[in-house]
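Numbering (this note's numbering), first residue to last: 1 to 577.
It is worth saying that the hints were derived from the structure and are not from the lab.
C-beta: ideal position from N, C-alpha, C; glycine also.
Incorrect hints may have been included.
As the list claims (entries may be wrong) - Below, in silico cross-link-like pairs of lysine-lysine (BS3-like), each with a Cα-Cα straight-line distance of 25 Å or less:
| no. | residue 1 | residue 2 |
| --- | --- | --- |
| 1 | K331 | K503 |
| 2 | K322 | K448 |
| 3 | K374 | K319 |
| 4 | K204 | K254 |
| 5 | K503 | K518 |
| 6 | K100 | K321 |
| 7 | K127 | K87 |
| 8 | K503 | K448 |
Unchecked claim - Listed next, with one range per pair, are the computed distances between beta-carbon atoms:
| no. | residue 1 | residue 2 | range |
| --- | --- | --- | --- |
| 9 | S365 | E411 | 17 to 23 Å |
| 10 | V361 | G145 | 37 to 43 Å |
| 11 | P189 | D372 | 43 to 49 Å |
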Amino acid sequence: MTYTSPQTAVKARLHLLSVFAGMILSVCCLTVSGCSDTSGNEVTAINSQPHSDGAGEVAVPLPEPPAASNAVGLKFLGRYHHGSDKKSSAEICAFDTDSKRLFVVDGERVAVDILDITNPAEPQLFKSIDLSEFGSKPNSITAKGNVIAAALSADPKQDPGLVVFLSPAGDVLKTVHVGPEPDMVTISPDGHWLITANEGEATKDYTRNPEGSVSLIDLTDGVEAVSDAKIIHIDFKAYNDMSKIPAGVRVFGKDATPAQDFEPEYIAVSPDSKTAWVSLQEANAFAIIDLESRQLVDLVPLGFKDHSLPENAFDASNKGKKIQIRTWPVKGMYQPDAIYAFEVDHNTYVITADEGDHRDVDGFSEKTRVGDLKLDPKVFPNAKELQAPTALGRLMVTSSNGDADGDGLYEAIYSFGGRSFSIRNAEGELLYNNGNEFERIIANRFPKSFNADHESNDVDDRSDNKGPEPEGLVVGMIEGRPVAFIGMERHSGIMVYDLANPKQPVFCDYVVTRNFDKSPKKPEAGDLGPEGLTFIPADVSPTGKPLLAVSYEISGTTALFEVVTNTETGKSEQTQK
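Generate the whole structure from the sequences, applying the supplied hints.
This is the structure in structure tokens:
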């Protein structure tokens, strides 16, 4: 496949699409916002009217969510509590098909817990491995074809990190060095490459800022043949020539070169193992790597989400403690965390969890609120109304974008994340975004805990800062159809979507195993802060049925679900309070 920078074509398509959408909206005064069945028929509409304070449009009544098809759902089976007295942080999990064991990294205890999930209703600890001698924090773990590997940051994390290879029994087999702060590790579908995304974050005072990178470890001759000398490190030095950076890619760190500023977050590998997509979250971009030539071949800006469109309306304030889903003159930066590649009809697609992230350390911070910006009165004549705390004033945004002419007045407002998931083609072109479906679904099913935090049950708590915050995701094949499981980091539930038609996915279910009647500090609260999701196909599952394993960072738990078809929400035994 030949890759070219698609930003010009993307902009043209997006412009035409926005013009066309505007014509339709002006005529119809409604927006199609969901699906009710697997045929992709569009049946749900939202009527909007101007809000009295001029701050935007508020849907009246509360926007209806997309109708759940219930074609695929999750049945809770059991959970395991890591550590004790909340001294645990279950983050990423990986399944070893031979031993039928689940490997879970615990960043708080600097350990990997190995769980026996032969009976997923009662997962048991097989062994806990102390990795403190190898690094300051395990960030990720992967398993495939008898290869199990964890990625660890050094101390300090600006030094080269380590990949630690483990046996199914938990013995340390080998360690090799990769780039600073390996935040994610994965193995290509063919087992050829182990790949790490080395984030390379700066120190808190911003005096030391290592370059971000991607490390390729060749597994062709087995783990015993792996060595530091054979590892291929791909950097971003070529983009230190700013003229090579496509418009829309963010480079904004304090006194940072692009090679330092780009911080790889997550990696998706194509089903044919020829291509890797790397999310550069803060930069709001993809890096595309050709694994056959072992070269970085493209840098793709991901664009911005227009929150002035009714389908992208959202709740921007945590004041008032009520649901206020409105349109706003805001551009959302998609900034995906987890990404995953899947295939439909021989075409490759990349799905992204549009979480959003910002830089905020002692030496540099881009984080501010709309109420603290000086808005250009020519662009925002209603600035006073917009900047009210109950309107847009509380929304967390960036100070690094929006003042294009440098006069101190902001002509545009850019927020972190898309509060959504997106599907893109192999070149990074946006094909689908689910708009504000996540907030509409949660508002409908959990109105008393709408946009609650994973450390608080207060309604509306996260509306001013990335909402439900989609972070982790995985795609599994169910009865020949790709299905996405997407974790809402803050609200703590799992969204389920059928991706058989990648340009019109179908919402299936939202499953929560959290009890909002209990304090998040108590074990009775259930599962909080889903971070890592692992799909276990039926043909390798210990039960012979497809499973989903989810590791929850805040509660320090790992939960096991059976993936069921033609189900009803009530059968998933979820807590809905």
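Here is how each hint holds up against the structure:
Straight-line distance between C-alpha atoms of K331 and K503 comes to about 22 Å, which keeps the hinted pair within the 25 Å bound. A distance of roughly 9 Å separates the Cα atoms of K322 and K448; the hinted pair therefore holds under the 25 Å criterion. Restraint check for K374 and K319: the C-alpha separation of about 21 Å stays at or below 25 Å, so the hint holds. For the hint linking K204 to K254, the alpha-carbon distance of about 12 Å falls within 25 Å, and the restraint holds.
Straight-line distance between C-alpha atoms of K503 and K518 comes to about 39 Å, which puts the hinted pair past the 25 Å bound. Restraint check: the Cα-Cα separation between K100 and K321 comes to about 45 Å, which exceeds 25 Å; the hinted pair is violated. Restraint check: the Cα-Cα separation between K127 and K87 comes to about 17 Å, which is no more than 25 Å; the hinted pair holds. With a C-alpha separation of about 32 Å, the suggested pair K503 and K448 falls outside the 25 Å cut-off, and the hint is violated.
Between S365 and E411 the beta carbons are some 21 Å apart, a value that agrees with the proposed interval 17 to 23 Å. Look at V361 against G145: about 39 Å separates their beta carbons, and that is inside 37 to 43 Å. At roughly 47 Å, the beta carbons of P189 and D372 sit within the given window of 43 to 49 Å.
Consistency note: the structure conflicts with the earlier hints numbered 5, 6, 8.
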